[in-house]
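Peer 1: Take a look at the letters that make up each chain.
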Amino acid sequence: MKIEMLYFADFKDITGKTREFLELDDNTLIDLNSKIFNKYIPIKNLIWDDEIKSLKRNVSIVINDHMVNDKNAGKLKLKDGDKVAFLLPFAGG
Amino acid sequence: MSDNSFTQVKSGIYEKDEINLSNILFSLKNHPEIQEVGSILTFTGIVRNTSKDGKLIRSLEIDAYEELANQSINKICKEIREIPGIIDVIIIHFKGVFDITDELVHVIVASSHREEGFKALRLTVEKYKKEIAVWKKEVFLDGNSEWVH
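Line by line, the protein sequences give chains A and B.
With this note's numbering as the guide, the letters of the first sequence map in order to residues 1 to 93.
With this note's numbering as the guide, the letters of the second sequence map in order to residues 94 to 242.
So here's chain A without its partners, still in its complex pose:
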């Protein structure tokens, strides 16, 4: 299954990309996290809270341009072709 990751701000600087396709073995956010964290360790440091074994509270997930309110990593399912982004708090000009 292939998903498209979108990278903004810190994520763009870390990856050096604005988007990329990732192949997942499983349709869960856990698998996506695992792929990304293995590929980009600074992203894990940026968004993962090791104490609570979850994404940090200030991290939002967007799937297909819609904010996901329940970001319980264990339950969230992805579909082939989904466009996914992790976002940190906004700061307009």
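A portion of the hints provided could be inaccurate.
[Stated by the list, open to error] Here are the simulated DSSO-like pairs of lysine-lysine, each with C-alpha atoms no more than 30 Å apart in a straight line: (1) A/K39 to A/K17; (2) B/K171 to A/K17; (3) A/K44 to A/K79; (4) A/K12 to B/K103; (5) B/K122 to A/K12; (6) A/K12 to A/K39; (7) A/K83 to B/K223; (8) B/K103 to A/K56; (9) A/K77 to A/K39; (10) B/K109 to A/K75; (11) A/K79 to A/K2; (12) A/K12 to B/K222; (13) B/K168 to B/K103; (14) B/K222 to A/K83; (15) B/K222 to A/K56; (16) A/K56 to A/K39; (17) B/K223 to A/K56; (18) B/K103 to A/K53; (19) A/K12 to B/K109; (20) A/K83 to B/K220; (21) A/K75 to A/K53.
FYI, nobody ran anything at the bench for these hints, they're computed from the structure.
Using the hints provided, position chain B relative to the given structure of chain A.
Peer 2: Then chain B, alone, in the frame of chain A:
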């Protein structure tokens, strides 16, 4: 004035310098309900030479998740237009790389009277600051940089 000639400047994310305040005001002066407007207020956010904690800044980068930011901008504009006395509101936020004093954002509120216009302008500014998917990176004089969250 014919409504057919009115082309509204659309709120949203734009590239740096893609549009300026004069373009927006010109558009607004051709609004079909302009004769009901007694006040046009504008807010322009520009690049300051210091960060919040006082570090000197060389430049600023704005990144945006355009689809998401435009959704939020349209939602804010819809909410503000529902306030009695508000005829129209436009939010233009730029993205790209900016020098000190460059314009980053314009908010324009057209209202029947100034009081509701001032309130709506402030509310719109507070909302866009929190709700739109935009990020800024401060590039400091010493060459370091950081995204503000």
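Peer 1: Decide, hint by hint, whether the structure agrees.
Peer 2: Here's how the hints hold up against the structure:
1. Restraint check for A/K39 and A/K17: satisfied, since their Cα atoms lie roughly 13 Å apart, inside the 30 Å limit.
2. For the suggested pair B/K171 and A/K17, the alpha carbons sit about 34 Å apart, so the restraint of at most 30 Å is broken.
3. For the suggested pair A/K44 and A/K79, the alpha carbons sit about 23 Å apart, so the restraint of at most 30 Å is met.
4. A C-alpha spacing of about 27 Å is found between A/K12 and B/K103, which places the hinted pair at or below 30 Å, so the restraint holds.
5. A C-alpha spacing of about 40 Å is found between B/K122 and A/K12, which places the hinted pair above 30 Å, so the restraint is violated.
6. Taken as a hint, the A/K12 and A/K39 pair is honoured in the structure, with Cα atoms around 14 Å apart against an allowance of 30 Å.
7. Only pairs whose Cα atoms come within 30 Å are accepted, and A/K83 paired with B/K223 is accepted, the gap being roughly 23 Å.
8. The suggested pairing of B/K103 with A/K56 is violated, with an alpha-carbon distance near 35 Å, which exceeds 30 Å.
9. The suggested pairing of A/K77 with A/K39 holds, with an alpha-carbon distance near 21 Å, which does not exceed 30 Å.
10. Of the pairs offered as hints, the one joining B/K109 and A/K75 is violated, with about 40 Å between alpha carbons and a cut-off of 30 Å exceeded.
11. Between A/K79 and A/K2, the direct Cα distance comes to roughly 8 Å. Compliance with the 30 Å bound is thereby established for this hinted pair.
12. For the given pair, A/K12 sits about 21 Å from B/K222 by alpha-carbon distance, which is consistent with the 30 Å threshold.
13. For the hint linking B/K168 to B/K103, the alpha-carbon distance of about 13 Å falls within 30 Å, and the restraint holds.
14. Taken as a hint, the B/K222 and A/K83 pair is honoured in the structure, with Cα atoms around 25 Å apart against an allowance of 30 Å.
15. At roughly 21 Å between alpha-carbon atoms, B/K222 and A/K56 fall within 30 Å of each other, so this suggested pair holds.
16. For the given pair, A/K56 sits about 19 Å from A/K39 by alpha-carbon distance, which is consistent with the 30 Å threshold.
17. For the proposed pair B/K223 and A/K56, the alpha carbon gap of about 19 Å is at most 30 Å, so the pair holds.
18. Of the pairs offered as hints, the one joining B/K103 and A/K53 is violated, with about 43 Å between alpha carbons and a cut-off of 30 Å exceeded.
19. Distance restraint check for A/K12 and B/K109: the Cα-Cα separation of roughly 19 Å lies within the 30 Å cut-off, and the hinted pair is therefore satisfied.
20. In summary, the hint linking A/K83 to B/K220 is supported, as the alpha carbons are separated by about 26 Å, within the 30 Å threshold.
21. With a C-alpha separation of about 14 Å, the suggested pair A/K75 and A/K53 falls inside the 30 Å cut-off, and the hint holds.
The structure fails to meet hints 2, 5, 8, 10, 18 from the earlier list, while all remaining hints are met.
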